[in-house]
Each structure stands twice: as structure tokens, then as C-alpha cells.
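Q: Chain residues, written in single-letter form:
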Amino acid sequence: MFKYSKTIKSIVALILVVSFHVSATDYQEISIKSGEFNRGKKASKEEIRGWHIDISPGHNLPAGKGTAADGEQLFDDQCASCHGSFGEGVGRNPVLAGGEGTLKDTSRPERTVGSYWPYASTLLDYTHRAMPFNAPQSLNWDDTWSIAAYVLYLNDVITDEDFVFNADSFAEIIMPNADGFISDQRPDTNNKRCMKDCKKPASIHIIPALLGYASGAEDSINDDKSTSADNTEHKIGKQIYNTHCKLCHANGVAGAPKIDDKATWGERLKSGMDGVYAHAINGFTGKFGVMPAKGGAPDLTEAEVKAAVDYMIKDLEQ
Amino acid sequence: MTDKKWVAEVNEKNQETKALSTKIPHQETQAPERRKFLKQAAALSTAVVSASAIAAENLPPNVPDWQKTLGSPVNTNPYGLPSKYEADVVRRRVPWLTADSIASVGFTPLAEINGIITPNGLAFERDHAGVPAIDPNQHRLMIHGLVKNPIILTMQDIKRFPTVSRIHFIECPANSAMEWKGPQVGRLQFTHGMTSCCEWTGVPLKYLLDEAGVKPEGKWLYAEGADAASMSRSIPMHKALDDTLVVFGQNGEALRPEQGYPLRLLTPGWEGNTSIKWLRRLEVTSEPSYQREETSKYTDLLNPKDPDKSNLIGKAYMFSWIMEAKSVITFPCPEKPLKKQGKYVMNGLAWTGSGKIKYVDISLDGGINWKQAELNGLVLDKCWTRFSLEFDWKGEELLIQSRATGEDGYVQPTYAQLRKARGVTSIYHNNAIHTWKINKSGEVESVQI
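Read top to bottom, the protein sequences are chains A and B.
Residues 1 to 318, numbered by our numbering, are exactly what the first sequence covers, in order.
Residues 319 to 767, numbered by our numbering, are exactly what the second sequence covers, in order.
Be aware that one or more of the hints could be misleading.
Across the chosen pairs, the derived CB separations fall in these ranges [as the list claims (entries may be wrong)]:
1. B:TRP414 with A:GLY50: 47 to 55 Å
2. A:ASP156 with B:TRP414: 29 to 37 Å
3. B:ASN432 with A:GLY58: 46 to 54 Å
4. B:GLU571 with A:GLY50: 27 to 35 Å
5. A:ASN140 with B:ASP453: 24 to 32 Å
6. B:ASP453 with A:LYS41: 41 to 49 Å
7. B:LEU377 with A:LEU269: 45 to 53 Å
8. A:GLN185 with B:TRP414: 27 to 35 Å
9. B:ASN376 with A:LYS192: 48 to 56 Å
10. B:GLY760 with A:LYS196: 45 to 53 Å
11. A:LYS196 with B:ASN376: 46 to 54 Å
12. B:LEU388 with A:THR285: 16 to 24 Å
13. B:GLY433 with A:LYS192: 29 to 37 Å
14. B:GLY500 with A:ASP261: 37 to 45 Å
Simulated coverage check for chain B against chain A, where a stretch passes if three residues somewhere in it have a Cβ under 8 Å from a Cβ of chain A [said to hold, decoys possible]:
15. 477-486
16. 491-502
17. 534-547
Honestly, the hints are just simulated from the structure, not real lab data.
Don't be surprised by glycine CBs; every beta carbon is placed ideally from N, CA and C.
Isolated chain A, as found in the complex (with noise of 0.2 Å):
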């Protein structure tokens, strides 16, 4: 009886398993063996020179060299209509300078190059990899130690403007916030699963939301409120120039005349609505500076470039 109970209790528990393992969703394993493909080709050691762009703090170093001051003219050029002439970041582009003795604070802590970033490694491969931001890879690596370096000048990490940064010196370099960075401590909360009773009802104050149900949220099409861009045709101008134009042509980047500046346009206009149209349309590289074709979207209609170009220039007639 006891050896009969027993056998059924396994049996019961075998049952268990197998509805468990029927019932459950967990995916079927793949039985195929990997290692055996031979798919692909060999890559090269120039194939794999050209897309080795990662730096990191003792790995890929690039050749070249660049001081501070080198690094101004530079950065006044390419960075600053963004991130400001002293690092201090224009609208919502990050801060790069400043914010030292700042992470403490508990409301508004700055996170800049100096304040925050712990190797400077990462400034040499982001600049390199994905700035200027409307011409990403463009800089070469002499422009790359000279930017990066006057970045490391701006918030005195480097403080001679004739310190030749390269990868002979990197190692001098040690960022202020070196330490600053611990392993995930997650889980660091410990909350119980309680279902009753849980808290005092008197300790409960709700506090509403800031911004509410019309936190902003865009629709560009709806939200344009101008009468001169109130046709068809500037409303697409609009939107293609928000999307593509905007980032250059808001703030004078890369010498794009700003959407505002009437006399800078006027001179472009001199020439023609033609010219304007076929530099748009094809790229142009001029004394002032650089306008990608298609603003750097080669998707774009011929069309839709023009419609963007009209928009720029709506108000200038009047």
C-alpha cells in the first residue's frame, strides 16, 4: 500500500511536469549546431582599418596631433552654434563646459565634459564619430585632438593652450570625474508585496502633474498659427524644413543664412530664385560655408526641397 501510494505520487508528480512543460510558453530550442556555416568573407585589414573608428581609453589612439588653440578657430566654426563659444550649450544642445563640483546637487546637477565624463577617450571617438553633428566623420584626426583638446581647455582639464594632445600625452590626461562611476548597485529598492492596510490614508497627498494633459505634444501640421505660411504649399515648406533644415538654418550653422536673416538671404537672392533652387537642390560649397545637397536628405523631392526653400524665404517680400 504504502509502495502502491508512492508510485502514484510519482505518477501524479510526472503528470504535473509534463502538463507543466505542455502548458508552458517557453520556446523551443534550435537544435542546429553553430561553428559550421562558413558563411561570409574574409575581412581585410584595410576593410577593417576603414571601420575601426572606435577609441577607447588604452585602444585605437589615432595618428595626429592638436593643441588648444589649434582647437578655438575650430570649434568656433564647427561646434560653437550649438554648444555655445565657451562650451555652454545653446537651447537644449548639451552643456560641454562647466558644472564642476556640481553632481551633489540634488535638483539641477551639471553634466558636462569636465564635470562628469570619466575618460577623455570618449571625447576624441564621439568628436570623430558623430560631430559636427550635420557632417558626422568629416573631421580629421589633427581637427579631432585640436577640438578635443580645447573642449579639455574649456573646462581646464587641459591648461596650457600649447599642450600638444596626441597619443604620446593622452595618458597625462586625468579626467576630474574619474571615480565617479560605480558598478549597478540595482536592486537597490526593497519593496514587499503587502495587499493590505499598506500605508496611513492621512499620509497620502497627491500632487498633479506639472504640465497636465497638454504636456506639448506636437503635431507641426496643426500648430501653425503664422498667416503668411498659411497655404498648402508652406505648410509641407514647413514641415520638411523642421525636419531636415531647421538644425542648420535656425542657428547659422556651417554659414546656412538663419531663417530670419533677411539681408543674408537678400544676397543669395540676388542671383536668382534659380541659383537658390539648384544649390538647395544639388549642394553648393561657397566662402561662407557649406549646404549639403538636399540638405542632407537624399529622399527628398526636388519639390520638397523647393517647398522648404520657399518657406525660409516667405517673409522676405514683405
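With the hints as your guide, set chain B onto chain A.
A: Then chain B, alone, in the frame of chain A:
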């Protein structure tokens, strides 16, 4: 009439409809516009009456208009589009959140999502330098570094490896970031819309790494995208060999451009940005690369309110990868108020990067008492899980909350607990219990308590 003419005519009609739909005032318009609309509506009450008269013509006992004429031909829209009446169901940006619309985020309209799959057109979008237009025939994945055989793979090469399909959520660690200091934005789309959940199809990364042959000293993987930011992160080898996929399929079709077409990494349960989009390069390394997106950004600056943790003030967590358990009620919510008293089934979504959801509990009184909700449908690893609870609304004010518990026993924290542990300056990884306040009118507000 030839087929071509039909298509042209219908497309023209669609264009008109699209143009119209952008002008329809709806609940999502900004408050002043909403008020303006209400005023206009009042002034034009006769128009409103006639509009409702037209609407009634389609109700019983009348036969609706659309039953008395032929519909559009088959394949009018060869890809397919949602009904024009769903024009409000779109991703939205919060313009003041980012410097421009290129490095920005589009939020998923969570209130409109059914089940646990996010349609591809609505999956939240976070781009660091815009969406590249990549020709898949010219796209390559390079695997090099500490490997025996550095290789370059075409898309065709990759698709010939064994593939799997997995349903996983992706969440940006900045989801709910606007709410750390206090409640700021007033609708679900913006409080929680930086997450979505799709079925992803691709190759387990271990197959590709085995093909290249990782050397014993290869402990990290550097992953890089082919966008203008060359978006990049370091991933430890244990995750790369565990459940990480290299995916090309999303909900049955190719990845959408804004989701990384033609190829992306997928690191289930981890910070969304580690699932590198437009994946072009994997480099096996011995150390992390300390990229901008794992030093300057996506690190968690700490200012704990807990006096026992004062030594952490001004320090920051680095490599905080896992998205911890989180949940939110998606009905009712600000976008979906209660219309009248009576019985309702409230429901929502829960997820955890640690595994499966075990329990979701719901409170109607601001967290004093809790009831266990039902989990509905599939309960999968690192995947959205639907939950629901029936309730009877008698017109009273309610403070509704949901609280997720993972199979690892981790319980979603309160705001007080999170702030005690980290302060309010972390930006990332806000997974606090969220509160909706149901007003006597049935409208729903986002609050904190």
C-alpha cells in the same frame, strides 16, 4: 474604368482624407485649441445637430451608407493602411524634450495598443542622429577584434543561419524620465510610451560569434550602428552568448527603418539603446569601450535621500543594463476616461527585463490596499504581459495604481523608495509605481502621491 484609374482616384481620395484627418480636433490637441474647438462647437451648434442627424442615418433601423455602395477594390492600398478613423493613433514627440527632431524620440500611444504586440508603425522610436536610408544590398556586418576569423557578412549570409522568433519588449531607459522630480506630463503616451513589444526574427548572436571564433581573452563586445551617430555600446560576452539576437524581422515583416532596417541587435530585457540599430560592426574586445552612450549618457547619477547612502551622493551607476519590473494601467488613463458609472475591466501592461511577470496587483485607494489582478494571454520571458481587474465605478474619486512582481521576487518600487535609493537626478531607470487619479467626472489625471 481601368484598374489604374481606380487606384489613382482612390489614392487621391485617400490624400484628401489624410489632409482632413489632420484637421479633426480631438482630445489630444493642446488645451487652448481644445477650448477653442469647444467654443466653435458651441457657436456652430446647428452644424453639430445636422452632423449628428447625418450620423443617425447610419444607425438602426436605417441601413448604413457603406452597405448601400460598393467598397474600395481589393488591393487599393497594396501595403495596407489603418482605417481613416484611427488617424489619431500615431507616435508623438514632445518637442521641448530634445534640441531638435533628429536626435529625438517618438512615443508609442500605449492607450491604443491591444494585446501585447505593438504594430511596427507605432513602435517607439529613439534616434540619436536620424534614421539612415540603408540599401540592404550594400549593408554589411563586420565581426572582428579578438576573433580567429574576422568576417564580413551580407544580409543573405546572415539570413542563411538558423533563425528564431521571440516576442520581447524594448524599453528606453529614459522612459518616465520626465517624472523623477514630480509629475510633469499628463498622459500615458508620454509617461510610459518609450516602450513597445514585438516579435523579432533573427539569428542568435552566438552563431555569428562562433563563425568568427571568439578568442579566450574576448570578454566584451563592442556593437556599432551605421547611422550618423555610429551609435555604439559595449556588451559583456555573457549577454552576447545568452539570449542576444541579430534581427532582421519585426512582427512578420522586415524591420522598419526607424527600428534599424536592415539589421539590428536585440538584447532582451536590457536598456533599449544596447539593441544597436542599423548594426554594421561587432568588435570582440577584452574591456568595455566606454562609449559616449555608456559614460556621458545612460549612467545614473545618484543623490540618494537615504542617509545611510550618503557616500553615494554624486556618484553614478555605470552599465545599468537591466530594465527592472514595471507596469502601468492603460485603461482607464488620461486618454481613455470613464464615460459613466458601472462595471469596467481595467487593464494594463507589465514587464521585467529579469524574466517573466509573476504577479500584478492593483490598488484603487492610492496604495493602501491591493488586489491581485489576472494575467491575461501569454506570459513570456522579457515580454509585455497583459493584466486586468474588474471594478465597479460608482462615480467616486479613485487613485489607481498597478504594481508588478517578477518571477525573481523583485517588486516594483514606490516613488518614495526609488528617491530614497537614488534621489531625483538619475534621468534613467524610473520604474516607479504610477498613479492615475480618476475624478468624479470620470476624467483621468496623472498624479504622484
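Q: All the hints need checking, so say for each whether the structure fits it.
A: Hints, verified against the model:
For the hinted restraint 47 to 55 Å between TRP414 of chain B and GLY50 of chain A, the CB-CB distance of approximately 39 Å leaves it violated. Between ASP156 of chain A and TRP414 of chain B the beta carbons are some 32 Å apart, a value that agrees with the proposed interval 29 to 37 Å. Judged by the Cβ atoms, the range 46 to 54 Å given for ASN432 of chain B and GLY58 of chain A holds: they are separated by roughly 51 Å. At roughly 32 Å, the beta carbons of GLU571 of chain B and GLY50 of chain A sit within the given window of 27 to 35 Å.
A hinted range of 24 to 32 Å holds for the C-beta pair ASN140 of chain A and ASP453 of chain B, which are about 27 Å apart. A hinted range of 41 to 49 Å for the beta carbons of ASP453 of chain B and LYS41 of chain A is inconsistent with their spacing of about 19 Å. The beta-carbon spacing between LEU377 of chain B and LEU269 of chain A, approximately 58 Å, falls outside the hinted interval of 45 to 53 Å. Taking the beta carbon of each, GLN185 of chain A and TRP414 of chain B are about 32 Å apart, inside 27 to 35 Å as hinted.
Roughly 54 Å separates the CB atoms of ASN376 of chain B and LYS192 of chain A, a value that falls within the hinted 48 to 56 Å. Checked against the hint of 45 to 53 Å, the pair GLY760 of chain B and LYS196 of chain A fails, with Cβ atoms roughly 28 Å apart. Taking the beta carbon of each, LYS196 of chain A and ASN376 of chain B are about 50 Å apart, inside 46 to 54 Å as hinted. For LEU388 of chain B and THR285 of chain A, the hinted distance range of 16 to 24 Å is not satisfied, since their beta carbons lie about 57 Å from each other.
For GLY433 of chain B and LYS192 of chain A, the Cβ-Cβ distance of about 31 Å falls inside the hinted range of 29 to 37 Å, so the restraint holds. Range check, GLY500 of chain B to ASP261 of chain A: Cβ separation about 40 Å, and the 37 to 45 Å hint holds. Requiring three or more residues with a Cβ within less than 8 Å of a Cβ of chain A, the coverage given for the region 477-486 of chain B holds, as 5 such residues are present. Using a Cβ-Cβ cut-off of 8 Å, 4 residues of the region 491-502 of chain B lie near chain A, which meets the minimum of three, so the contact claim holds.
Under a criterion of three residues with beta carbons nearer than 8 Å to beta carbons of chain A, the stated coverage of the region 534-547 of chain B is upheld, 4 such residues being counted.
Figure legend: structure checked against the earlier numbered hints; hints not met, in rising order: 1, 6, 7, 10 and 12.
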